[in-house]
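Got two chains here, separate frames each, mind docking them using the hints?
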Amino acid sequence: MNYKSSYFILTCLGFGLAFLYVPILSMVVFSFNASKLVTVWDAANSPTLKWYYALLNNEEILDAAWISLKVAVINASGSVILGTLAGFGLARFRQFRGRFTLNAMTTAPLVMPEVITGLSLLLLFVALEQLIGWPAGRGITTMTIGHMTFSMAYVTVIINSRMASFDEALEEAAMDLGARPLKVFFVITLPIIFPAILSGWLLAFTLSWDDLVISSFTSGPGSSTLPMVVFSKVRLGVSPEINVLATITITVVTLMIVGVSLWMSRMAKLDKAAA
Amino acid sequence: MTTAGRLRRFGVTGRGLVVVLPYLWLMLFFVVPFVIVLKISFSDIDLAIPPYKPLLEWVGKNSLAIKLNFNNYAFLFTDRLYVNAFLNSIKVAFISTVLCLVIGYPMAYGIARAKPRTRNVLLLLVILPFWTSLLLRVYAWIGLLKANGVINEVLTWLGVIHDPLNMLYTPFAMYVGIVYSYLPFLILPLYANLEKMDWQLLEAAEDLGCRPWQAFYKITLPLSRNGILAGSMLVFIPAVGEFVIPALLGGPNALMIGRVLWDEFFSNRAWPVASAVAILLLILLVPFMMWYQNIQARESAGVR
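As given, the protein sequences belong to chains S and X, one line each in that order.
Going by my numbering, the first sequence runs without a break in its numbering and finishes at 275.
Going by my numbering, the second sequence runs without a break in its numbering and finishes at 579.
So here's chain X without its partners, still in its complex pose (with noise of 0.2 Å):
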């Protein structure tokens, strides 16, 4: 018997070599890590390092007690600021997708029916941003937002206004900023689909006497149904949980959860609450990431 032919019998494979060291790697830095934050959730807060308490104690000598601790959770429900943090994360991930979608899509549209080498820069133009640090964006739109910014100044200056508007630190700015910034995630994938049309359809369609309008209506629109889902769960799913907009260009009081848990974390020290935030966020997104994962592989398995 070969070497490889002994292994086989023991269940190790070419095959299972290959996927084996990133499956490990996923389970153990991203998968166990979830348990633990469960774990946390239900721990009590405790004024130690770290700070909470253990889940489990042992009760005498030989029985074990676990302590599941509800009050995080009741904590977070009770209190309208998490209630209020959760909805309004949602409204504003849902209001910047709408945003990106009517931004993108005529942009996404327009790159697909480019002359071929037009398609490469404009595509170029769009990725670029994307490698170029969020945080220094979205720190740019201070300098353009700010009272005695750039667009306040050239408004005054071209008599638009006659005292500086307020934008920075408003929901407005926090707006500008998520739409801004997730742009190219929802181009992307949407150019993708639109790249694989069949340009001809629309063509068949105006022959047929359909107005453009109706054409895009009737025909595009559908067609391209899985870059638009695949592009807006890009925008919405992370824009949810974002952290560094809202902190920078939103203002004190602009309520989103992952301010909420990373405050609850850093300044607060409260561990067992910013899991329970974690945890409730989690299965508020699994459903949507699930829906994400559906589209991707319908996509590449070429289903409209």
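Chain S extracted, bound-state conformation (with noise of 0.2 Å):
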């Protein structure tokens, strides 16, 4: 195999990461910004930390981070189990009444736009008190629910796919001499596919952490989520804060990406020496 590429296929490339970073990056240089006019550079007083400061005392984000805290951590641990089980359905029984439409229910959210998913959840949410009382009002609860529905399905792509690139023959082995089901569950197949557990978990807690529009239309008086405030404020007009929890989030994230990556192919190593 061939590694050439060509100089058109290069910078293409170039450009187009580019593309990818070049809003990021202004997001970090601008939130060192003394100018409260966001994107004019006050040479003169910057960098600074003064919007740090501000963010770290503005009660009202740290309020709502709190609260989108709180259900992206449930959401994340909620969605890893419904979604592997689910993926792990998937993959390994072949045929299974309502196979196909647990399919469809598991690829739908993928690409379902989120003004109807969110529409739809109120909706019955609504309709579920006026019936039997439950949700009474719509807030935390509600909103993990509507996170939940979406997250899993990234997590049953996730598990699916691992299921489907490891060998069939280790569980068989295991169940041939005489284990449970359960227990090669646990023992064989639950820690082959932990990296891919550990992914789940994090992209749902991700998109729970970032979702706008579901948590807009299911959430109740008093329970705003960081991304409902941060859109109410940008609305408004740009303001510096804005900018350094972009900052704080993409460092946040790059530390994760990039520690589970490197984990990962520790591992991958780990296991190529091992066999």
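Hint data in this document are derived by calculation from the structure and do not stem from the laboratory.
These numbers come from a predicted model, not from an experiment.
Careful: at least some of the hints might be erroneous.
To be verified - Derived EDC-like pairs: lysine to aspartate or glutamate, alpha-carbon spacing no greater than 20 Å straight-line:
no.: 1; chain 1: S; residue 1: 36; chain 2: S; residue 2: 168
no.: 2; chain 1: S; residue 1: 36; chain 2: X; residue 2: 428
no.: 3; chain 1: S; residue 1: 183; chain 2: S; residue 2: 168
no.: 4; chain 1: S; residue 1: 183; chain 2: S; residue 2: 172
no.: 5; chain 1: S; residue 1: 70; chain 2: S; residue 2: 59
no.: 6; chain 1: S; residue 1: 233; chain 2: S; residue 2: 60
no.: 7; chain 1: X; residue 1: 314; chain 2: S; residue 2: 129
no.: 8; chain 1: S; residue 1: 233; chain 2: X; residue 2: 538
no.: 9; chain 1: X; residue 1: 493; chain 2: X; residue 2: 470
no.: 10; chain 1: X; residue 1: 342; chain 2: X; residue 2: 321
no.: 11; chain 1: X; residue 1: 328; chain 2: S; residue 2: 129
no.: 12; chain 1: S; residue 1: 233; chain 2: S; residue 2: 59
no.: 13; chain 1: S; residue 1: 50; chain 2: S; residue 2: 241
no.: 14; chain 1: X; residue 1: 390; chain 2: X; residue 2: 321
no.: 15; chain 1: X; residue 1: 471; chain 2: S; residue 2: 167
To be verified - Here are the in silico distance ranges between beta carbons for each label pair:
no.: 16; chain 1: X; residue 1: 296; chain 2: S; residue 2: 100; range: 12 to 20 Å
no.: 17; chain 1: X; residue 1: 497; chain 2: S; residue 2: 190; range: 38 to 46 Å
no.: 18; chain 1: S; residue 1: 220; chain 2: X; residue 2: 474; range: 52 to 60 Å
no.: 19; chain 1: S; residue 1: 170; chain 2: X; residue 2: 492; range: 37 to 45 Å
Here a beta-carbon is modelled for each residue, glycine too, at the ideal position from N, C-alpha and C.
Okay, here's the thing in structure tokens:
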């Protein structure tokens, strides 16, 4: 296999990556800008950390971040359970009643426009409240249910593709040696797909942490998430604190992704060395 | 008889227990809601909480009357606003998908043909923005595109322009935002497809006298068909109903159906109209979703 790429391809890659990264880097740079005008660089007083202090003292943003964090953690944990079950079932059971439906139900949320999902969930919650009195009002619970519904679809895809790429013979061997299916799952399958489960958890967390549309439909009074607060601020005009928030988000995400992928490539190497 | 055997007689199996939880969850929170949306799209708007009239009403003591109201749909077809919003959303999503393909294909190709080490780094660079909040990344473009934003400042400083270009709150800004946000969704499935490509086919074609462009057109492009289609669907379908990007970058005249639905719901509190919009949008998008699922099934079965 040759690895030569033409200059044309390299130029495209370069421009494409610049397109992806210039906006992100611009937020990082301007988060240190002293001017309130956000995009006008105040060379005399910059760089400064004053917007960082402002953000960390902004009660509204901190409260929203706390709500977002709670929703994201519960969502990620729940989605991982549901998504692993669905992904495992779809990958291992070739035929069962409802397989087609389950497959469709886990693919559709990936592409479904969020306004539709959000509206339909809200109408369901309203109807349920009228019918059985639950959920009483809307807030963290309804938001979490909404987030889990689309996050678990992503987890299912991740688990499903991991299951497809690992050798079924390992599970069969364990069963031949007398292990019960449940034991096989916990002793053989789970450790092998663990990296996929971890990626699924992180992805579900991030999807929930970033979600604006479904949260807006399913939240109640006093339960505004971080994206909802950011959206209302941005609509009123740009605010330097948002640049700071973006910079913090980017830093955390970068560290997390780079860390996880380094860890995974080390695991892969260890696997190879052991084999 | 063992417990397991007894359970099996009632149709309870280990397999069933594994999938029943996600199955019921998605039925209740993903499928049933659409039935309710359908129901409410046929009801009358009402000044109450919730703001719609019930579909079923007791007439006298023993008879239940169903009142289906098609006015919401008729309203959507008579008011040019909604028709235009639908058409415009399809147009915007289509053009954005084509732009994503033009930018994303060479990138996915370049990543697939890079050395394994470089490939992983490049892949990480494409995935990273996808993990960073969409809202914040769209917000970044406001700072870049504003009248006194970065792009205008740089162009003025370079002497290319004298007066700032009017970019923010225009269709241009909306296209930039959509292409920028959805680009990774196109690159990743396309890369996954190209990665499996047998590059020796290209060498063979070139040995036999094909020019590189010809070889690309005759071999790479047809073989990556599933990747192109899957990536395009991942951009096109959600882009049709996109709300955040037109709301932040598109300005007040950016007529996108996702935004119309949002305004009907939140500003006008017209839940039945919003439901009718959602149902029509769904009818429009379901064929594409089924197509997408079909492509995915073929791709995982290894059919080109």
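Hints and how they fare:
1. Restraint check for residue 36 (chain S) and residue 168 (chain S): the C-alpha separation of about 59 Å exceeds 20 Å, so the hint is violated.
2. A hinted pair counts as satisfied when its Cα atoms are at most 20 Å apart, and residue 36 (chain S) with residue 428 (chain X) qualifies at roughly 17 Å.
3. This hinted pair checks out: residue 183 (chain S) and residue 168 (chain S) have alpha carbons roughly 15 Å apart, not beyond 20 Å.
4. With a C-alpha separation of about 12 Å, the suggested pairing of residue 183 (chain S) with residue 172 (chain S) holds against the 20 Å cut-off.
5. A distance of roughly 17 Å separates the Cα atoms of residue 70 (chain S) and residue 59 (chain S); the hinted pair therefore holds under the 20 Å criterion.
6. Distance restraint check for residue 233 (chain S) and residue 60 (chain S): the Cα-Cα separation of roughly 11 Å lies within the 20 Å cut-off, and the hinted pair is therefore satisfied.
7. For the hint linking residue 314 (chain X) to residue 129 (chain S), the alpha-carbon distance of about 16 Å falls within 20 Å, and the restraint holds.
8. Distance check on the hinted pair: residue 233 (chain S) and residue 538 (chain X) sit about 18 Å apart at the alpha-carbon level, within 20 Å; holds.
9. Straight-line distance between C-alpha atoms of residue 493 (chain X) and residue 470 (chain X) comes to about 18 Å, which keeps the hinted pair within the 20 Å bound.
10. Proximity of residue 342 (chain X) to residue 321 (chain X) is assessed by CA-CA distance (about 14 Å); at most 20 Å being required, the pair is judged to hold.
11. At roughly 16 Å between alpha-carbon atoms, residue 328 (chain X) and residue 129 (chain S) fall within 20 Å of each other, so this suggested pair holds.
12. This hinted pair checks out: residue 233 (chain S) and residue 59 (chain S) have alpha carbons roughly 14 Å apart, not beyond 20 Å.
13. About 9 Å separates the Cα atoms of residue 50 (chain S) and residue 241 (chain S), which keeps this hinted pair within 20 Å; it holds.
14. Between the alpha carbons of residue 390 (chain X) and residue 321 (chain X) the distance comes to roughly 63 Å, so the proposed pair goes past 20 Å and is violated.
15. For the hint linking residue 471 (chain X) to residue 167 (chain S), the alpha-carbon distance of about 19 Å falls within 20 Å, and the restraint holds.
16. In this structure, residue 296 (chain X) and residue 100 (chain S) meet the distance hint of 12 to 20 Å, their C-beta atoms being roughly 18 Å apart.
17. For the hinted restraint 38 to 46 Å between residue 497 (chain X) and residue 190 (chain S), the CB-CB distance of approximately 40 Å keeps it satisfied.
18. Remark: the range hint 52 to 60 Å for residue 220 (chain S) to residue 474 (chain X) is upheld by a beta-carbon distance near 55 Å.
19. Distance hint check for residue 170 (chain S) and residue 492 (chain X): the Cβ-Cβ separation is about 43 Å, which falls inside the suggested range of 37 to 45 Å.
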